Structures are given as structure tokens and as C-alpha cells.
Amino acid sequence: DTAVSQTPKYLVTQMGNDKSIKCEQNLGHDTMYWYKQDSKKFLKIMFSYNNKELIINETVPNRFSPKSPDKAHLNLHINSLELGDSAVYFCASSQGLAGLEQYFGPGTRLTVT
Amino acid sequence: AQSVSQHNHHVILSEAASLELGCNYSYGGTVNLFWYVQYPGQHLQLLLKYFSGDPLVKGIKGFEAEFIKSKFSFNLRKPSVQWSDTAEYFCAVNARGSGGGADGLTFGKGTHLIIQP
Numbered sequence: 316d317t318a319v320s321q322t323p324k325y326l327v328t329q330m331g332n333d334k335s336i337k338c339e340q341n342l343g344h345d346t347m348y349w350y351k352q353d354s355k356k357f358l359k360i361m362f363s364y365n366n367k368e369l370i371i372n373e374t375v376p377n378r379f380s381p382k383s384p385d386k387a388h389l390n391l392h393i394n395s396l397e398l399g400d401s402a403v404y405f406c407a408s409s410q411g412l413a414g415l416e417q418y419f420g421p422g423t424r425l426t427v428t
Numbered sequence: 004a005q006s007v008s009q010h011n012h013h014v015i016l017s018e019a020a021s022l023e024l025g026c027n028y029s030y031g032g033t034v035n036l037f038w039y040v041q042y043p044g045q046h047l048q049l050l051l052k053y054f055s056g057d058p059l060v061k062g063i064k065g066f067e068a069e070f071i072k073s074k075f076s077f078n079l080r081k082p083s084v085q086w087s088d089t090a091e092y093f094c095a096v097n098a099r100g101s102g103g104g105a106d107g108l109t110f111g112k113g114t115h116l117i118i119q120p
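One line per chain: the protein sequences are A and B, in this order. Add 315 to a position in the first sequence, counting from 1, and you land on the number used in the numbering used here. Add 3 to a position in the second sequence, counting from 1, and you land on the number used in the numbering used here.
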């Protein structure tokens, strides 16, 4: 069973388009995250959600809008895609906010042309 | 805010060599410490973690790490590497305690490890 899953795995799109990435976890966790990994492999937190509520938004353009319909899902919608949005986006989950380990999804490689 | 520094960006070793990857962090409070590994084309997997107690922690695949509080370090070690250890290694910290985890993990910039057969 996949603990944290993301769809799609690859996404190629043109500048200006709007796209969504979906994330689901079956670990029963109540906290979910989105990270961005750039071309140099650097990972940076974008958002964290706890019990469907936004906890942190780390200087991310408002073209990025996360949505959490329930505790097991955290989707990422991106409007007006730009070249600089090309990256690998990882979803993760953890239990609570006490800084415990996070479990990562397989990543979505987004390429904007 | 916390920050993490990994000193070696690229490391090339031969099989059976010993490995040590450096990691230092800065944070005013107490942290939980992690090493994650990312094999080519795969997602991040937890190698090991330190929350409290014995500062020498053992993880999967023969890896271990030592937390030295006075040095704010959490170096990763393996006595004898294998070709299959070729991967990207990330040190990460998370503020401990109620609400601290909301900040998410702060990662170092990663170390690209290549093991030559």
C-alpha cells in the first residue's frame, strides 16, 4: 500500500496554464505539507496544513493555492504557470505538529515550457 | 528560524570505503533531527532520526548518526559503503514541541554521494 501518493507523476504544460497536483495519504496523519525541490535539489517548505487548516505559507506566490478537502488530502492548484515553477513538488504528511518525522510522496515533476 | 548546513555537496567514494557526511544546524530551541535519502528518481525516505536519548542513533541500511549538542552537529556515518548507496542525502531539522512541527522540515542543500564499484 502506498502511504503518500501523488498524481500526476509528470506534468508538462505551457506558460500561462492552470494545473493541479493531488496528494493523498493513508497513514491517518492530520498534518500535510507541500515542498518544492528546485533544479539544484534544494527542498523548501511551501505550505503546511493541520486538520484541514492552513498553518504556514512560506513566501509562496498567491498563484499557488493549496486545498485540503479532508485530512487525508492536500491538493495544490497553480494558476498562470511560469517557467520558474518548473520543479519537483513533494507532498508529505506527519502526525501532529510536534516535529515528528514526515513521510513523503513520490513527487510530481512539473515542467513549464 | 532554523537553518541547516551540509558541508559536502558532492562526495565520491569507492565501495567498502567509510562514509561521513557533515551536518550542522542553527536554531535557538530544541530540534528533532533527521537524515533522508533520495535514490535516483525516487522520493525521500527516512534513514534515521533523533528526538532525544542516546545521541548515537542507528538507522536503516547500516547508517548511523551522532548528535553532538555542543557542536550543533548531526553527522551521518556508514563504515562500509556499497554501490547501491549512490543517492542524494539530506539532513533536516524540525523544531520540537507543540506547534513546532508546523514550520515543516528545514533541509540542508543535500550531498550527492556517488559510490564507484
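No wet-lab data here; the hints were simulated from the structure. Treat the hints loosely; a few may be bogus.
What follows is a list of derived Cβ distance ranges for each label pair [said to hold, decoys possible]:
#1 120(B) with 368(A): 44 to 54 Å
#2 333(A) with 82(B): 46 to 56 Å
#3 57(B) with 385(A): 32 to 42 Å
#4 85(B) with 355(A): 19 to 29 Å
#5 424(A) with 14(B): 36 to 46 Å
#6 318(A) with 85(B): 22 to 32 Å
#7 388(A) with 120(B): 34 to 44 Å
#8 4(B) with 377(A): 13 to 23 Å
#9 385(A) with 112(B): 28 to 38 Å
#10 327(A) with 6(B): 41 to 51 Å
#11 43(B) with 342(A): 36 to 46 Å
Distance condition first, Cα-Cα at most 25 Å in a straight line; then the derived SDA-like pairs of lysine to any residue [stated by the list, open to error]:
#12 112(B) with 8(B)
#13 356(A) with 48(B)
#14 355(A) with 5(B)
#15 386(A) with 46(B)
#16 112(B) with 361(A)
#17 351(A) with 5(B)
#18 359(A) with 10(B)
#19 324(A) with 48(B)
#20 64(B) with 361(A)
#21 52(B) with 322(A)
#22 64(B) with 334(A)
#23 351(A) with 30(B)
#24 351(A) with 6(B)
#25 74(B) with 388(A)
#26 359(A) with 19(B)
#27 334(A) with 45(B)
#28 355(A) with 42(B)
#29 356(A) with 15(B)
#30 112(B) with 373(A)
#31 112(B) with 426(A)
#32 356(A) with 118(B)
#33 324(A) with 42(B)
#34 64(B) with 418(A)
#35 52(B) with 342(A)
#36 334(A) with 388(A)
#37 356(A) with 80(B)
#38 356(A) with 367(A)
#39 61(B) with 87(B)
#40 356(A) with 73(B)
Here the structure is a predicted model, which means the values were calculated and not measured. Here a beta-carbon is modelled for each residue, glycine too, at the ideal position from N, C-alpha and C.
Here is what the structure says about each hint:
| no. | hint | result |
| --- | --- | --- |
| 1 | 120(B) with 368(A): 44 to 54 Å | holds, 50 Å |
| 2 | 333(A) with 82(B): 46 to 56 Å | holds, 51 Å |
| 3 | 57(B) with 385(A): 32 to 42 Å | holds, 38 Å |
| 4 | 85(B) with 355(A): 19 to 29 Å | holds, 26 Å |
| 5 | 424(A) with 14(B): 36 to 46 Å | violated, 25 Å |
| 6 | 318(A) with 85(B): 22 to 32 Å | holds, 26 Å |
| 7 | 388(A) with 120(B): 34 to 44 Å | holds, 43 Å |
| 8 | 4(B) with 377(A): 13 to 23 Å | holds, 22 Å |
| 9 | 385(A) with 112(B): 28 to 38 Å | holds, 34 Å |
| 10 | 327(A) with 6(B): 41 to 51 Å | violated, 34 Å |
| 11 | 43(B) with 342(A): 36 to 46 Å | violated, 25 Å |
| 12 | 112(B) with 8(B) | holds, 7 Å |
| 13 | 356(A) with 48(B) | holds, 15 Å |
| 14 | 355(A) with 5(B) | holds, 20 Å |
| 15 | 386(A) with 46(B) | holds, 22 Å |
| 16 | 112(B) with 361(A) | holds, 16 Å |
| 17 | 351(A) with 5(B) | holds, 18 Å |
| 18 | 359(A) with 10(B) | holds, 18 Å |
| 19 | 324(A) with 48(B) | holds, 17 Å |
| 20 | 64(B) with 361(A) | violated, 30 Å |
| 21 | 52(B) with 322(A) | violated, 28 Å |
| 22 | 64(B) with 334(A) | violated, 38 Å |
| 23 | 351(A) with 30(B) | holds, 22 Å |
| 24 | 351(A) with 6(B) | holds, 17 Å |
| 25 | 74(B) with 388(A) | violated, 39 Å |
| 26 | 359(A) with 19(B) | violated, 33 Å |
| 27 | 334(A) with 45(B) | holds, 23 Å |
| 28 | 355(A) with 42(B) | holds, 15 Å |
| 29 | 356(A) with 15(B) | holds, 18 Å |
| 30 | 112(B) with 373(A) | holds, 18 Å |
| 31 | 112(B) with 426(A) | holds, 22 Å |
| 32 | 356(A) with 118(B) | holds, 19 Å |
| 33 | 324(A) with 42(B) | holds, 16 Å |
| 34 | 64(B) with 418(A) | holds, 18 Å |
| 35 | 52(B) with 342(A) | holds, 19 Å |
| 36 | 334(A) with 388(A) | holds, 17 Å |
| 37 | 356(A) with 80(B) | holds, 21 Å |
| 38 | 356(A) with 367(A) | violated, 28 Å |
| 39 | 61(B) with 87(B) | holds, 19 Å |
| 40 | 356(A) with 73(B) | violated, 29 Å |
In this structure, the hints that do not hold are numbers 5, 10, 11, 20, 21, 22, 25, 26, 38, 40, in rising order.
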